[in-house]
Each structure stands twice: as C-alpha cells, then as structure tokens.
Amino acid sequence: GESVGLHLPTLSVQEGDNSIINCAYSNSASDYFIWYKQESGKGPQFIIDIRSNMDKRQGQRVTVLLNKTVKHLSLQIAATQPGDSAVYFCAEKNNRLAFGKGNQVVVIP
Amino acid sequence: NAGVMQNPRHLVRRRGQEARLRCSPMKGHSHVYWYRQLPEEGLKFMVYLQKENIIDESGMPKERFSAEFPKEGPSILRIQQVVRGDSAAYFCASSPRRLSGENTGELFFGEGSRLTVL
Numbered sequence: 001g002e003s004v005g006l007h008l009p010t011l012s013v014q015e016g017d018n019s020i021i022n023c024a025y026s027n028s029a030s031d032y033f034i035w036y037k038q039e040s041g042k043g044p045q046f047i048i049d050i051r052s053n054m055d056k057r058q059g060q061r062v063t064v065l066l067n068k069t070v071k072h073l074s075l076q077i078a079a080t081q082p083g084d085s086a087v088y089f090c091a092e093k094n095n096r097l098a099f100g101k102g103n104q105v106v107v108i109p
Numbered sequence: 110n111a112g113v114m115q116n117p118r119h120l121v122r123r124r125g126q127e128a129r130l131r132c133s134p135m136k137g138h139s140h141v142y143w144y145r146q147l148p149e150e151g152l153k154f155m156v157y158l159q160k161e162n163i164i165d166e167s168g169m170p171k172e173r174f175s176a177e178f179p180k181e182g183p184s185i186l187r188i189q190q191v192v193r194g195d196s197a198a199y200f201c202a203s204s205p206r207r208l209s210g211e212n213t214g215e216l217f218f219g220e221g222s223r224l225t226v227l
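As they're listed, the protein sequences go chains A and B. My numbering applies: residue 1 is where the first sequence begins, and numbers increase by one. My numbering applies: residue 110 is where the second sequence begins, and numbers increase by one.
Hints listed in this document are in silico derivations from the structure and should not be mistaken for laboratory results. Don't take each hint at face value.
What the hints assert, rightly or not - Rough simulated footprint, nothing fancy, chain B against chain A, three-plus residues with beta-carbon under 8 Å:
1) 38-44
2) 80-93
3) 96-106
Glycine is no exception: its CB is placed at the ideal position from the N, C-alpha and C atoms.
The following block holds chain B by itself, in its conformation from the complex (with noise of 0.2 Å):
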C-alpha cells in the first residue's frame, strides 16, 4: 500500500517561471492537504481539498498561487511567476475522511517537493 506521492522531489525554477507541484494520496484517501515549510517558521497550511472541491484555501496566498484535486488524477499545487521567497519544501498530506468531531486528525505525509527559485 503506497503512502503519499509528491513528485517531483526536487525542482528547480528561474524566477518568473511556473512550478507545478503533484501529489497522489493513499488509497482510498480523497482529503488532501498542502503545508509549506519555510526556513524559520515550520509547517504552515495552505489549503484542504476534496475531490473536485476546495474546502478550505484560507493559508494560500491570494495571488500566483492555486491548487486542485480533479476527479481523476493527482492534486496539483501551482505557482505562477515564482519569486525567491518561494523557495520551500511543499508538503502535501491526505486522509480518508475530513478532520472534525471525534476524527484524530492523523495526516499521512509525502516526502515532500522541495521548490528553489534562481
């Protein structure tokens, strides 16, 4: 049973340039989660989507940034015109019901897409 899968591990883009970051859930898993990891600031959330579905996009920047989780296929984090403060490791998480009530909130995390912009 594969865990979560980002790819690609590592990209290396030019400032101005598009990075597009996937991530495949576990299996049967259809709640995916993005965090960030600057340096000196930990893990910060950026959004939590369903299938076909942005349920909460309250971290994510309001501008060059978006994210979706099609029907069929991976989520995509995408950064348009990316600037040097975008560099970070992506992580990408999932679980297989939504985080609330008497759920624990265990997230299953990729090893992460570690983003340097030039």
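If we strip away everything but chain A, and leave its shape as in the complex, we get (with noise of 0.2 Å):
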C-alpha cells in the first residue's frame, strides 16, 4: 500500500479465514509486545499487546502468541474482513518500542 512502499513478507487470505502473522524479535529484556495495524496513508494503530510473563492473550477477533524461548510473537485473526487489510507491525518495549519490519495482509473478498 502507500504507507510505506515496502517489500513485505505478503499474507493473502481469503475473507472468513484465520490468519496469522508472525514475527521474530530480538530483545529479551523486553517487558512488553504488541501488535500494530497501520492502513494504507494512515499511522499505525494500536491492537493488543501481551506482557512478558504471559503465553496468550485475546482481544476481539484477535489472538496474541507469545513463545520466549524462541523470541516469537504471532498475532492471529478470526475471520478475516476486508478492513483487516493493512500492514501489521510487532514491537517490543523496553523503555521505548521498537518496531519489527511488518507484514502485509491482503484479504480477498
């Protein structure tokens, strides 16, 4: 999209699937991850985050994955929509965020 013009890791998803976007992180001091959106022409905005000492979280449609072993965050969506297309950020906080590289969603209607 315009957001950014990046090559992103793409997911297309058929609208009424699950997805599910994953992301790597480095930083294991990080006390905080969370999960971004950002539309095409718009600043990113905040999903759901999940704390350090937790595995799982869930919002509305949306599901947090946390895997400290392997420093992975997955972020899962039910029942995709059309407005679920967006570029979809991870970040880690320690004393600031910092943002991963993000990955597009492109739902199919």
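Two independent chains are provided; combine them into the complex using the hints.
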C-alpha cells in the first residue's frame, strides 16, 4: 500500500478465513510486546499487547501468542474481513518501542 | 478529543532546503516520540521528548536533524539541508506517561508527514 512502499512479506487470505502473522524479536529484556496495524496512508494503530510473563492473550477477533524460548510472537486474526487489509507491525517495549519490519495482509473478498 | 495532529501531511523540498514537521500530541499527553518510516526499513525510532526536554535521541542522525518540544506549542522535527535520502514518512506518537515499568507501551500515532526531497 501507499503507507510505506515496502517489499514486505505478504499474506493473502480469503475473507472469512483465519490469518496468522509471525514476528521474531531480539531483546530478551523487553517487558511488553505489542501489535500495531497500519492502513494505507495512515499512522499505526494499537491492536493488542501482551506482557512478557504471559504466553497468550485474546482480544476481539485477535489473539497474540508469545514464545519466549524462541523469541517469537504471533498475531492470529479470526474470520478475516476486508477491513483487516493492512501492514501489521510487532513492537517490543524496553523503555521505548522498537518495531519489526512488518507484514502485509491482503484480504481477498 | 482530537488525536495526534501532524502537519504538514505532505511536504516537498529541494535539496539543501529545510524541512520543519510539527506534531501536537493528544490532550493530556506530555511524552512525544518521532519515528521515521523509510522504504525497506519499517518504523525506526528517532527521538523521545518530554516537555522542554530531550529524553532519548539515540535514533537521531548526528547532523542536520534536531527536535524540540517547547513548553507551549507543538513538537518540531527539523531537518536542515535536506538530501534525497531524507525522503520518508515521519510519524509522531504521544503517550500520557513514560514507557517504563507497568506501562504497556501503547502509543497514539498521528497520520504522518510525508517528506519528498527533489
């Protein structure tokens, strides 16, 4: 999309299917992990976060999983809708937010 | 309750000119963060400011870039003598408190200022 023009990993998903977006983080000392959504031409929007002492947290249609052993974070979106088409960034917090590169999700109607 | 306001949304400058980007945080927020979004690199932290203070500028280029957040008025990101490599989207985010301890780290982002250097 226009937001960044990045050559991002892209997930194409059929409307109504579930989406899984993955992220690897680097800092074992990070105390929170957060997912942001960025629609074309807009700023990032907070979706959900998870504290480092948890391994799963659920929101409305979204679930975040944290695997500290392999430093891996994932975001699951249930029943993906056209409005979910965006770039998704994971971020880790350790006094400031450091963002990953992003994953583009394209929802096919 | 207005969100984070950034202006201009789009700015075109010729090489060597100056660019000034402004950010008004959400009401009640005294912590401001600037991020740069370059093609191929995602969002990169530049600087963190609290009213009248620069708290963390570890992501700022050493030359030509400066930021301020005065007691009154918006935060300003200033780029002097712009070069083509400065072309990017610059995002400002605000929060009501410092990102530490039990604070989850939710930042509220503006729509960004897109700088194009010709």
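So, going through the hints one by one against the coordinates:
no.	hint	in the structure
1	38-44	holds (count 4)
2	80-93	holds (count 3)
3	96-106	holds (count 7)
Hint violations for this structure: none, all hints satisfied.
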